[in-house]
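Participant: Those sequence lines, one after another, are chains G and X.
If you number the first sequence the way the working numbering does, the last residue is 317 and the count never jumps.
If you number the second sequence the way the working numbering does, the last residue is 1298 and the count never jumps.
Just so you know, these hints were derived from the structure itself, not from any lab.
Heads up, some of the hints might be wrong.
The calculated label-pair distances, taken between Cβ atoms and stated as ranges, are [unchecked claim]: (1) X:Val1291 - G:Leu221: 57 to 65 Å; (2) G:Asp80 - X:Gly1114: 18 to 26 Å; (3) G:Gly127 - X:Asp1263: 49 to 57 Å; (4) X:Asp1238 - G:Gly12: 45 to 53 Å; (5) G:Lys63 - X:Gly1182: 54 to 62 Å; (6) G:Lys63 - X:Ala1280: 32 to 40 Å; (7) X:Gly1114 - G:Pro104: 20 to 28 Å; (8) G:Arg217 - X:Arg1296: 35 to 43 Å.
Chain X stretches covered by chain G per the calculated footprint, using a threshold of three residues with CB under 8 Å from any CB of chain G [claimed, not checked]: (9) 1012-1021; (10) 1030-1038; (11) 1096-1105.
In the DSSO-like style, the derived pairs of lysine-lysine whose C-alpha atoms are separated by at most 30 Å in a straight line are [unchecked claim]: (12) X:Lys1295 - G:Lys147; (13) X:Lys1260 - G:Lys126; (14) G:Lys82 - X:Lys1294; (15) G:Lys105 - X:Lys1294; (16) G:Lys82 - X:Lys1295; (17) G:Lys105 - G:Lys126; (18) X:Lys1294 - G:Lys63.
Built from N, CA and C at the ideal position, the CB exists for glycine as well.
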Amino acid sequence: MIEASGLTKRYGERLAVDQLTFAVRPGQVTGFLGPNGAGKSTTMRMILGLDAPTAGSVTIDGKPLAAMAHPMREVGALLDAKAIHGGRSAYNHLLCLAQTNDLPKSRVAEVLELVGLSDVARKRSKGFSLGMGQRLGIAGALLGDPKVLMFDEPVNGLDPEGILWIRNLMKGLASEGRTVFVSSHLMSEMENTADHLIVIGQGRLISDCTVQEFIDRNSALQVRVRTTEPEKLAELVDTAGGRAKPGADGTLLVSGLDLTQVGDLAFDNGVRIHELSPLQASLEQAFMELTKDSVEFHATVPAAQLASADGKVEAGS
Amino acid sequence: MTTLTAVGLPPATGRAGFGGALRSEWTKIRSVRSTVWTLLATAIVTIGISTLFAWGSSGHTDIQDVPTFDPVRSAMFGIVFGQLVIVVIGAMTMSSEYATGMIRTSLTSMPRRGVVFGAKLSVFTGVALVTGLFCSFTSFFIGQAFFAKVSVHDFRGPVGAKGPGPAGHPVITIHDLSTTIGAPHVLQAVIGGGLYLAVSGLLAFGLAALLRHTAGAITAAIGVLFVTFIMAQFLPSDWAKHVDKWVPFFAGGQLWGLRKLGDGSIPMLSPWTGFAVFAAYAAAVIVAGAVLFKKRDA
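Turn these sequences into a full structure, and let the hints steer you where they fit.
Facilitator: Listed below in structure tokens is the structure:
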């Protein structure tokens, strides 16, 4: 279990992490979400003792990492797949890590096998692809068979196969009772992997709940209706206390009433219905909505506008 | 995912400490090609230039220089250039961790930073001592082979009954100017050559811990070792007699010769005092580097 209490990091004038208090529990995947620059990596570095907090504290199973007899048996982390010496072979990279914690050499071969890098174990990691580098980083994190695992944006730049592999790995690790803490700036990734979510924006805690709670709380359920008489149904919905607005290609989007209520309303009033389906606002939308005030850098010109401006220049010249 | 269960991991005993960190740092230093190449370069430069210099001396030494001829320092002249190469290894041993980002991985697996710093320092000290002593002893013995037969040139005109040489031509005689490892102070000076090289590397190691930047640390080390020495040549003599003995090259250099460095008109420190001063410079930088290594965000 990772416990942060009032965790704060200040870089000069900028407050990167602001009074974060949260707990990451074992047996589940906890997603650490926030827009770029929200303070996720800084928080993870403080958990590992790489950066010292300006205020507050963070412990792993009640102790700072440096106090552990064998730190690698407690925590394995992949912060940055490039945080390795490219001139060293995969085997030697893992060996020098294993030796610091008196782990046997045989374990190095074991984790190389586990991540599928046995064939390139003697190759210098300089020539590794992004995916292979990521696997090497994960091999390093798994060396000590740790109780707590931390991954910072592990799927960035990976191909679909790699993403699936990491996703299954994280779920597998959590199902073995380990604490898995994984950061991402993509809600869609967490939706498929995480059980619990910690959302931060501009260094502050925005939300700390299960994924289901996050969905329930942040995405209003809508009902999509396709009908021959949209005006009539809209009126009926209004009277029944719901709200209806026209959706794409002649459909009606109803909120405030659930699926059964809308169906009954139509049946009772003889409105013919061709489609009746529940619509859930995606978590991505909910996440964007939640963090829109805390995004550090806003694009001032929407991409579409930029594209049309380009077109105009061409047309004018 | 059942394969995740660690089959080959025995239960933990004791506490991860200095021994493991030493093995780890040894793996690190031996497993990158740059270490091997720069070690080789240190040996080639030191021994190579020493040999060239000894060869040159044996072919042509002025008779006026014979009384002050130092067969140990002359045999190890390459150290002056070798120190510029060994600083590269010293700096890189520490700075490559920062340049590659490896430091974050290293300190996550062993967060007790004093242990990591101490192990890295110990392993580099060992490597630097072996390299330094190999260079100084090899240079010494090659040098003595040349110095056994030195062509001494005498331009002074009539000598004894022989009369002057042909106009403009010296009288050439062959002298044995070599010494042996068993002669007084010789062994100390040859070991001193190795120590001097090792401490030069350690100075760069400390600077790299301070600056966390390879090029910066190498530049700073060359500045301390070489530029201060060159600048000292331009000091007015009333300044020089107070300053020169403290210049790192003069202080540390006293140990690896039979005669004092400098032209004799300027006071210099005794061999071991000078070397202690030189080592103290390196130690100060290393201690400062260690403090920052422990305190700074990685």
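Participant: None of the hints should be skipped; say for each whether it holds.
Facilitator: Results for each hint:
no.: 1; hint: X:Val1291 - G:Leu221: 57 to 65 Å; in the structure: holds (59 Å)
no.: 2; hint: G:Asp80 - X:Gly1114: 18 to 26 Å; in the structure: holds (24 Å)
no.: 3; hint: G:Gly127 - X:Asp1263: 49 to 57 Å; in the structure: holds (55 Å)
no.: 4; hint: X:Asp1238 - G:Gly12: 45 to 53 Å; in the structure: holds (47 Å)
no.: 5; hint: G:Lys63 - X:Gly1182: 54 to 62 Å; in the structure: holds (59 Å)
no.: 6; hint: G:Lys63 - X:Ala1280: 32 to 40 Å; in the structure: holds (39 Å)
no.: 7; hint: X:Gly1114 - G:Pro104: 20 to 28 Å; in the structure: holds (25 Å)
no.: 8; hint: G:Arg217 - X:Arg1296: 35 to 43 Å; in the structure: holds (41 Å)
no.: 9; hint: 1012-1021; in the structure: holds (count 7)
no.: 10; hint: 1030-1038; in the structure: holds (count 4)
no.: 11; hint: 1096-1105; in the structure: holds (count 8)
no.: 12; hint: X:Lys1295 - G:Lys147; in the structure: holds (27 Å)
no.: 13; hint: X:Lys1260 - G:Lys126; in the structure: violated (49 Å)
no.: 14; hint: G:Lys82 - X:Lys1294; in the structure: holds (23 Å)
no.: 15; hint: G:Lys105 - X:Lys1294; in the structure: holds (29 Å)
no.: 16; hint: G:Lys82 - X:Lys1295; in the structure: holds (24 Å)
no.: 17; hint: G:Lys105 - G:Lys126; in the structure: holds (22 Å)
no.: 18; hint: X:Lys1294 - G:Lys63; in the structure: holds (19 Å)
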